[in-house]
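Please model the complete structure; the sequences and the hints are all you need to start from.
When the letters of the sequence shown are read in order and numbered with this note's numbering, they come out as residues 56 to 454.
Please note: incorrect hints may appear among the correct ones.
In the EDC-like style, the derived pairs of lysine to aspartate or glutamate whose C-alpha atoms are separated by at most 20 Å in a straight line are [stated by the list, open to error]:
(1) K126 / D427
(2) K426 / D241
(3) K401 / E419
(4) K63 / E85
(5) K161 / D241
(6) K401 / E356
(7) K426 / E281
(8) K100 / E268
(9) K63 / E92
(10) K126 / E419
(11) K383 / E325
(12) K161 / E281
(13) K275 / D305
(14) K58 / D305
(15) K275 / D427
(16) K323 / E391
(17) K426 / D284
(18) K222 / E194
(19) K323 / E356
(20) K275 / E307
(21) K420 / E391
(22) K222 / E356
Everything labelled a hint here was simulated from the structure, so no lab data went into it.
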Amino acid sequence: MNKYTVDKDGFYGEFGGAYIPEMMYRNITELQHRYLEIMASSSFKKEFDVLMRDFVGRPSPLYFARRLSAKYNTRVYIKREDLNHTGSHKLNNTIGQILIARQLGKTRIIAETGAGQHGVATATVCALFGMQCVVYMGEVDVKRQMPNVLRMKMLGAEVIPATSGNKTLKDATNEALRDWINHPIDTHYIIGSVVGPHPYPDLVARLQSVISEEIRWQLKEHEGRETPDYVLACVGGGSNAAGAFYHFLDDEKVTLVGAEAAGLGVEKAEETAATLTIGSPGVLHSAHTMLMQTSDGQIIEPYSISAGLDYPGVGPLHAHLFKTGRGKYYPVTDDEALKAAFMLAKLEGIIPALESAHAFALLEKMTFNQKDIVVINLSGRGDKDMQTYIDAMNIQNKG
Numbered sequence: 056m057n058k059y060t061v062d063k064d065g066f067y068g069e070f071g072g073a074y075i076p077e078m079m080y081r082n083i084t085e086l087q088h089r090y091l092e093i094m095a096s097s098s099f100k101k102e103f104d105v106l107m108r109d110f111v112g113r114p115s116p117l118y119f120a121r122r123l124s125a126k127y128n129t130r131v132y133i134k135r136e137d138l139n140h141t142g143s144h145k146l147n148n149t150i151g152q153i154l155i156a157r158q159l160g161k162t163r164i165i166a167e168t169g170a171g172q173h174g175v176a177t178a179t180v181c182a183l184f185g186m187q188c189v190v191y192m193g194e195v196d197v198k199r200q201m202p203n204v205l206r207m208k209m210l211g212a213e214v215i216p217a218t219s220g221n222k223t224l225k226d227a228t229n230e231a232l233r234d235w236i237n238h239p240i241d242t243h244y245i246i247g248s249v250v251g252p253h254p255y256p257d258l259v260a261r262l263q264s265v266i267s268e269e270i271r272w273q274l275k276e277h278e279g280r281e282t283p284d285y286v287l288a289c290v291g292g293g294s295n296a297a298g299a300f301y302h303f304l305d306d307e308k309v310t311l312v313g314a315e316a317a318g319l320g321v322e323k324a325e326e327t328a329a330t331l332t333i334g335s336p337g338v339l340h341s342a343h344t345m346l347m348q349t350s351d352g353q354i355i356e357p358y359s360i361s362a363g364l365d366y367p368g369v370g371p372l373h374a375h376l377f378k379t380g381r382g383k384y385y386p387v388t389d390d391e392a393l394k395a396a397f398m399l400a401k402l403e404g405i406i407p408a409l410e411s412a413h414a415f416a417l418l419e420k421m422t423f424n425q426k427d428i429v430v431i432n433l434s435g436r437g438d439k440d441m442q443t444y445i446d447a448m449n450i451q452n453k454g
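Quick look at the structure:
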């Protein structure tokens, strides 16, 4: 598995790397030099596996969606990351990173969050290991994801609203990076997606690859083969998609498909978060990747109904998959995602996170054969988005 994974300098093709200021050099190089050694140790593997099983509840089910399959005349499986403890795939990463932080002698954890799922997962592992926890969250996201803010506080975390810029995920990430620069000795920054400087894109992808590892043996049990024809997942930064794609990256018989948040449409840059559709190469949060920017390099504030997808960049792995054509990425609007969420609820009895609903909307954009096996990664549950769903239902009823 070499063609689509990171090289020794942290690059996926032309994307990736660590474009860091001097003040972050100590933090990053320590992690670069130690993460693979720690993750390869028997003690890390043993504790990680036990926590995945007994605390997270893995393996998550690979569920055959009978009615969804009938509707689209193909075979649809849903990877149920929504059934993990805390309600999303995010805990896979935070458990691994806090084990690494402990090995590095860190006592304080910081994180950024958009939809709040990564913040809750970080607060959860900090409670589990008795570590101080500070979570940065855009002021706008604090208001639209209040249930997750309250969960973080109940778990003992300090939630600090980011009030700069668009007051969303990008600004929360900026604040977290500033904090880390000011606390290089005792603090580990648990980044929640496959973004940021090397080694984070590789580190997070490796921890989330438990998803694709399970898909392979679960599909063998269900269908007698380890590989699906398609793997579908939503992409903001891209951690759940990276996890779902990881063990299929070099198997080019498997089509990898990402759903970007198109917001109100891709015609106006300020009304979308579809980075790969309208973006261009540049450096964001210390990595060279595809991002949304003006012709003179200023970041364009993204928009999406989904707090977890309104990031103006994308992980360098996805930028590489997009550029090489290995991955296919489609823009999905707010309305298309909402329609897919209500469809999934009524056909399969599952209310998805708004982020995940974007992946299910791909079923309307693609054509499958009857015998194709399609796996959709359901990255999180929709409890946190109920007010948005209620508002949508009220609008439908008035119409």
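Tested hints:
Proximity of K126 to D427 is assessed by CA-CA distance (about 14 Å); at most 20 Å being required, the pair is judged to hold. Restraint check: the Cα-Cα separation between K426 and D241 comes to about 53 Å, which exceeds 20 Å; the hinted pair is violated. Between the alpha carbons of K401 and E419 the distance comes to roughly 16 Å, so the proposed pair stays at or under 20 Å and holds. A distance of roughly 15 Å separates the Cα atoms of K63 and E85; the hinted pair therefore holds under the 20 Å criterion.
For the suggested pair K161 and D241, the alpha carbons sit about 5 Å apart, so the restraint of at most 20 Å is met. For the proposed pair K401 and E356, the alpha carbon gap of about 34 Å is over 20 Å, so the pair is violated. For the proposed pair K426 and E281, the alpha carbon gap of about 15 Å is at most 20 Å, so the pair holds. This hinted pair checks out: K100 and E268 have alpha carbons roughly 15 Å apart, not beyond 20 Å.
Taking the CA atoms of K63 and E92, the gap is about 14 Å. The hint holds against a cut of 20 Å. For the given pair, K126 sits about 10 Å from E419 by alpha-carbon distance, which is consistent with the 20 Å threshold. With a CA separation close to 23 Å, the supplied pair K383 and E325 exceeds the 20 Å bound. Between K161 and E281 the alpha-carbon distance is near 39 Å, which puts this suggested pair outside the 20 Å criterion.
Pair hint K275 plus D305 holds up; C-alpha atoms about 18 Å apart against a cutoff of 20 Å. The hinted pair formed by K58 and D305 meets the criterion: a straight-line CA distance of about 7 Å does not exceed 20 Å. Distance hint between K275 and D427 is fulfilled; the C-alpha atoms sit about 15 Å from each other, no more than 20 Å. Straight-line distance between C-alpha atoms of K323 and E391 comes to about 17 Å, which keeps the hinted pair within the 20 Å bound.
Taken as a hint, the K426 and D284 pair is honoured in the structure, with Cα atoms around 9 Å apart against an allowance of 20 Å. Taking the CA atoms of K222 and E194, the gap is near 5 Å; set against the 20 Å cutoff, the hint holds. Annotation: proposed proximity of K323 to E356 holds, straight-line Cα distance about 11 Å (limit 20 Å). Under the criterion of a C-alpha separation no larger than 20 Å, the hint pairing K275 with E307 is consistent with the structure, at around 18 Å.
As the CA atoms of K420 and E391 are separated by approximately 10 Å, the hinted pair is consistent with the 20 Å bound. This hinted pair checks out: K222 and E356 have alpha carbons roughly 10 Å apart, not beyond 20 Å.
The earlier numbered hints that this structure contradicts are 2, 6, 11 and 12.
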